[in-house]
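Q: The lines below spell out each chain.
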Amino acid sequence: MGYPTDRKYTKEHEWIQASGTSAAIGITDHAQEALGDIVFVELPKVGAELAAGKTFGSVESVKAVSDLYAPASGTVTEVNNELATSPENVNKDPHGSWMMKITLKNPGELDGLLSSADYEKFVAEEI
Amino acid sequence: MLAKMVDFNGWDMPVEYPASIGCGIINEHMAVRTGVGIFDVSHMGDIRLAGPQALAAVQHISMNDASRLAVGQAQYSALLYPQGTFVDDVIVHRLGEDEYLLVINAGTREKDFNWVRDNTRQFDCAVENLSDDFTQIAIQGPKAVNVLQKLTDADLSAVKFYWVTRGTVCGLKNILIARTGYTAEDGFEIYVPADEATSARVWNEILNAGKEFSLVPCGLGARNTLRLEGKLPLYSHEISDTINVWEAGLDRFCKMEKPEFVGRAALEKAKSEGVTRTLVGLEMVERGIARDGYKVLDGGAREIGYVTSGSPAPFLKKNIALAYVPLEFAAVGTALKVEIRGQGVGAAVVPTPFYRRPKKA
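These protein sequence lines map, in sequence, to chains A and B.
With the working numbering, letter number 6 in the first sequence gets 6, and the count goes up by one each step, no holes.
With the working numbering, letter number 313 in the second sequence gets 313, and the count goes up by one each step, no holes.
Just so you know, these hints were derived from the structure itself, not from any lab.
Keep in mind that the hints are not guaranteed to be accurate.
Stated by the list, open to error - Quick list of in silico lysine-lysine cross-link-like pairs, DSBU-like style, CA-CA up to 35 Å:
no.: 1; chain 1: A; residue 1: K54; chain 2: B; residue 2: K150
no.: 2; chain 1: B; residue 1: K317; chain 2: B; residue 2: K150
no.: 3; chain 1: A; residue 1: K92; chain 2: B; residue 2: K295
no.: 4; chain 1: B; residue 1: K295; chain 2: A; residue 2: K11
no.: 5; chain 1: B; residue 1: K258; chain 2: B; residue 2: K318
no.: 6; chain 1: B; residue 1: K360; chain 2: B; residue 2: K150
no.: 7; chain 1: B; residue 1: K160; chain 2: B; residue 2: K318
no.: 8; chain 1: A; residue 1: K54; chain 2: B; residue 2: K211
no.: 9; chain 1: B; residue 1: K318; chain 2: B; residue 2: K211
no.: 10; chain 1: B; residue 1: K317; chain 2: A; residue 2: K101
no.: 11; chain 1: B; residue 1: K359; chain 2: B; residue 2: K173
no.: 12; chain 1: A; residue 1: K105; chain 2: A; residue 2: K45
no.: 13; chain 1: B; residue 1: K160; chain 2: B; residue 2: K258
no.: 14; chain 1: A; residue 1: K45; chain 2: B; residue 2: K4
no.: 15; chain 1: A; residue 1: K45; chain 2: B; residue 2: K295
no.: 16; chain 1: B; residue 1: K317; chain 2: A; residue 2: K92
no.: 17; chain 1: B; residue 1: K160; chain 2: A; residue 2: K121
Unchecked claim - Some chain B residues judged to face chain A by a derived CB distance under 7 Å, without partners named:
no.: 18; residue: G24
no.: 19; residue: I26
no.: 20; residue: M30
no.: 21; residue: I289
no.: 22; residue: P312
no.: 23; residue: E328
Unchecked claim - Quick list of simulated restraints, FRET-style, between CB atoms:
no.: 24; chain 1: A; residue 1: E78; chain 2: B; residue 2: A331; range: 41 to 49 Å
no.: 25; chain 1: B; residue 1: I21; chain 2: A; residue 2: T5; range: 25 to 33 Å
no.: 26; chain 1: A; residue 1: G53; chain 2: B; residue 2: N208; range: 43 to 51 Å
no.: 27; chain 1: A; residue 1: S73; chain 2: B; residue 2: E196; range: 46 to 54 Å
no.: 28; chain 1: B; residue 1: D133; chain 2: A; residue 2: T85; range: 49 to 57 Å
no.: 29; chain 1: B; residue 1: T168; chain 2: A; residue 2: S116; range: 49 to 57 Å
no.: 30; chain 1: B; residue 1: V285; chain 2: A; residue 2: E88; range: 17 to 25 Å
no.: 31; chain 1: A; residue 1: E78; chain 2: B; residue 2: A194; range: 54 to 62 Å
no.: 32; chain 1: B; residue 1: D98; chain 2: A; residue 2: S86; range: 52 to 60 Å
no.: 33; chain 1: B; residue 1: G333; chain 2: A; residue 2: F122; range: 46 to 54 Å
no.: 34; chain 1: A; residue 1: E88; chain 2: B; residue 2: A194; range: 32 to 40 Å
no.: 35; chain 1: A; residue 1: K121; chain 2: B; residue 2: T168; range: 33 to 41 Å
no.: 36; chain 1: A; residue 1: A124; chain 2: B; residue 2: E196; range: 24 to 32 Å
For each residue, glycine too, the CB sits at the ideal point set by N, CA and C.
Please build the complete structure, drawing on both the sequences and the hints.
A: Okay, here's the thing in structure tokens:
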């Protein structure tokens, strides 16, 4: 499994893809695989403030609820409303299905996150 | 098979099989509702009672009326504590004139066996724990009969729901075949010798025989959503040692006309005093999924009960739950709320079972 190299990853299995001070956030292929059939995604509203490492929403599969953790601090600018009606998109295309976009408060925070190679190694060790 | 495993009462159990082979809880669930699926349910326990007083022993320890069983017939029943609450629910099979097989739950195997043994000492009847002797495989769904018939000489069309027979299965002689299950669907449970090679061979032969019916292997996840749609109780959720028969709504399996059984006196008293809470079905009317243990609130956000089992229902495509609530909130149509992450989310009391399998034409 190759994880896209154009973004950073967290040990909580989120990805964040930044372009300037704007960034898109989603969950990884490993996360969707572990969750199973995703049936519900709960996301914050546009304008909400995220703090790095704090929960901002949740994703539910048939069997379980998992919290989502913010990879970086920032303000929500856009939410992927398609996921309200088609949450299974996260299973089908986890790295293409962004959940929300934020304006980064401190783009430097991303330096502390995992690279694609490091995340892949982390996942392999976790199993 | 690379299934996702989970520890279930000390057993390594598959939750679901991989999406790469067409599985995942939703696909597994749908296969059982519309076609066929198989489950490894070896974790279930088996207790055999045999001897001249086997019927008297079974009658003493179970709430249903085993005297109504013909040889080859089975019934849903429960073992009760003297206070009328549940040791476990069981399926009682009458295998011979004086021979009964109780099939019990995984998490309660040792407790159940000890309880059965201790409560039947006064009867002339041998009690054996056969739990480790069998691998139990459930073949479930409207096409289950087609798959299993390819592998056995027993005439399955002659076996009615909740009856058992014996036959050669996958070359193994004298295998117990029961038309039972925990999916609210037609299906069979077979009991094959527990050695690993035999179990694996039978499992693979069923997978092969089922190919033409798109059979899939199913895990505990689908087993749970299937039984929930059918309102089949799960121990420590809908039934437990603090919940009695009347509260659980299992009246029709409890035969008070039997003069005596463990728990009867307490149930008689509980009935005359009246129950205060009851198990109801809920359907979420606002966006949200009720989960086991969530609080149930009334219209004024007062806590009135709790969810025993809650999940998305893959076949019904609704978010459903079972919950204990006071009687005054139990009427169909009552508007309630389920507390989800601190928020009261709208739900309504609905008729149960949520799903009933269509009658054959």
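Q: For each hint given before, does the structure comply? Return the numbers of the non-compliant ones in rising order.
A: 1, 5, 8, 17, 20, 23, 35
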